[in-house]
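Peer 1: As a plain string of letters, each chain reads:
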Amino acid sequence: MSNAPILDESQVLELADPLPLDGGQSLPGVRIAYETHGTLNAAKDNAILICHALTGDHHVVSDHPRTGKPGWWVRMVGPGKPIDTDKFHVICANVIGSCMGSTGPASLAPDGQPWAMRFPVITIRDMVRGHVALLDALGIECLHAVVGGSMGGMQTLSLAANFPERTRAALVIASTARHSAQNIAFHEVGRQAIMADPEWREGAYYEHGKGPEKGLAVARMAAHITYLSEEGLTAKFGRQLQDREAKTFGFDADFQIESYLRYQGLSFTARFDANSYLYITRAMDYFDLAEEHGGRLAHAFAKSKARFCLVSFDTDWLYPTTESRNVVHALNAAGLPVSFVELSAPFGHDSFLLDVPALDRVVEGFLT
Amino acid sequence: MNAALRTALRPDLAIIATNVAPGSSLLDIGCGDGTLMAALRDEKGCDARGMELAPANVGACVARGLSVIQGDADKDLAFYPDKSVDYAILSQTLQTTLRPDMVLEELLRIGRKAFVSFPNFAHWRVRMSLLWNGRMPVTRLLPVPWYETPNIHHLTVNDFRALVKERGITVEGQWFLSGGTGCSAAAANFRAEHAVFLLSRD
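Protein chains in written order, with this note's numbering: chain A, 44 to 411; chain B, 436 to 637.
In case anyone wonders, no lab produced these hints; they're calculated from the structure. Any given hint could turn out to be false.
Unchecked claim - Quick list of simulated restraints, FRET-style, between CB atoms: (1) Asn-454(B) <-> Pro-207(A): 52 to 58 Å; (2) Asp-179(A) <-> Met-537(B): 49 to 55 Å; (3) Pro-516(B) <-> Glu-184(A): 39 to 45 Å; (4) Ser-387(A) <-> His-588(B): 26 to 32 Å; (5) Gln-307(A) <-> Asp-517(B): 58 to 64 Å; (6) Ala-345(A) <-> Trp-581(B): 57 to 63 Å; (7) Met-537(B) <-> Asp-331(A): 30 to 36 Å.
Don't be surprised by glycine CBs; every beta carbon is placed ideally from N, CA and C.
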């Protein structure tokens, strides 16, 4: 519920030390924006870290500060919900590289100017390093669980693999252990759209009061298609025309799907920074958990003692079931307790955010 | 194993549960809603893992805190390491697989031992039904007509004995059920409705 009382305000942690990065650099003056809900118990063992997706943020249940829309996972998180804030202390942190409160390319560098393209290229593991620094600051040694969908699932896998002592369970929804050529290809289309926009100015657009909004909108339009399913698009839009009786024999948005995508692209530019989009998609493209661990995915989990649960959706062609199975086989080979289920839902990749009651049952059951 | 548990489980599962060593590890293939796994975890401290085809059943298992993978016995056993569990368990599933012989080999590759239970197609009621009606039997234990039964490889106790002998598999234990009670190994092919075998390969 959007009007549910928010138990804690969004908070910001300022890291005292520079954050070491996979690229070899370290990032000074890191700020991590986060939100917590529910009470941390005395033993500090009831904390659940929720990791957000590419364009998500830490407003998991609180209203988005720019759009005013309800938090992105209000249907899953809250009192009496599958991730029950009456039982668990839920933490959601904004990833580094983002534009929603944590340090990213739009943040000011030590010289007082925006980082822009001087911001170092980051990885999923670097995002997780930020989360672990937050857990350190909060005094949480070991999470009850880490949970994430899509890019959040990548962070979940990375945390379980690289910081095995920090969680007892990992729930990975609609995600993958590595970005495929197809995944990289779609991201590259988006990045090229941004960089081809003259307003991008090699990333130094902040002082011009206008960014590469057209490029960012196109990037979002392309990406948005990958989050849906053909079945879902056909059911929702088909070939229906937008507010007109006949085709115009022009290039206006004749079809409803065109109008919808244009709206999605445009509204995205009001809430997201184009350079953040470049950096975060790059981090996802670089993600290959097996590569980090000698080429064998099972090796990534050699030190883990966590329970795992993976969920995929039958209409998700962005991170299809085979990607989840790949992780499951590696976890099996590592001898770890793992559950896996492919759920049927019509919404494509976005199913993890939408009304899929079977997902609620699996999430609630796994976390209990 | 307490009496309450034995009566709560389906008879063939109760036999398996009674004969699993406490604290052992096991993989239950075709684990359904996880009844056997939950019993073995709670009553015998076993490390139980499962594989199940139906998503709703996997969800039910996860909700019980069990680790279950949605998968197909014909395809997905290949991903389990050799001798990774003490017992591989296949209850009432062998006759539904595409290649029961290969599944059996996989069980004994993954498990140090394997429990296999199946309905006996040579039970006298089945024989009588086929003999008198000349139609594929529909009995209390095989209640589904031929066109929609999941049982695509019906077998008899003697068929199974012949297969394990041919493959050099050791029978460590065998139990036969008829109506809720046991029956002797000698009469099993005629009298048993269900068979449970404990197998190993040395």
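Peer 1: Decide, hint by hint, whether the structure agrees.
Peer 2: For each hint, the structure was consulted:
no.	hint	verdict
1	Asn-454(B) <-> Pro-207(A): 52 to 58 Å	36 Å, violated
2	Asp-179(A) <-> Met-537(B): 49 to 55 Å	51 Å, holds
3	Pro-516(B) <-> Glu-184(A): 39 to 45 Å	31 Å, violated
4	Ser-387(A) <-> His-588(B): 26 to 32 Å	28 Å, holds
5	Gln-307(A) <-> Asp-517(B): 58 to 64 Å	50 Å, violated
6	Ala-345(A) <-> Trp-581(B): 57 to 63 Å	49 Å, violated
7	Met-537(B) <-> Asp-331(A): 30 to 36 Å	33 Å, holds
The structure is inconsistent with the numbered hints 1, 3, 5, 6, although it conforms to all the rest.
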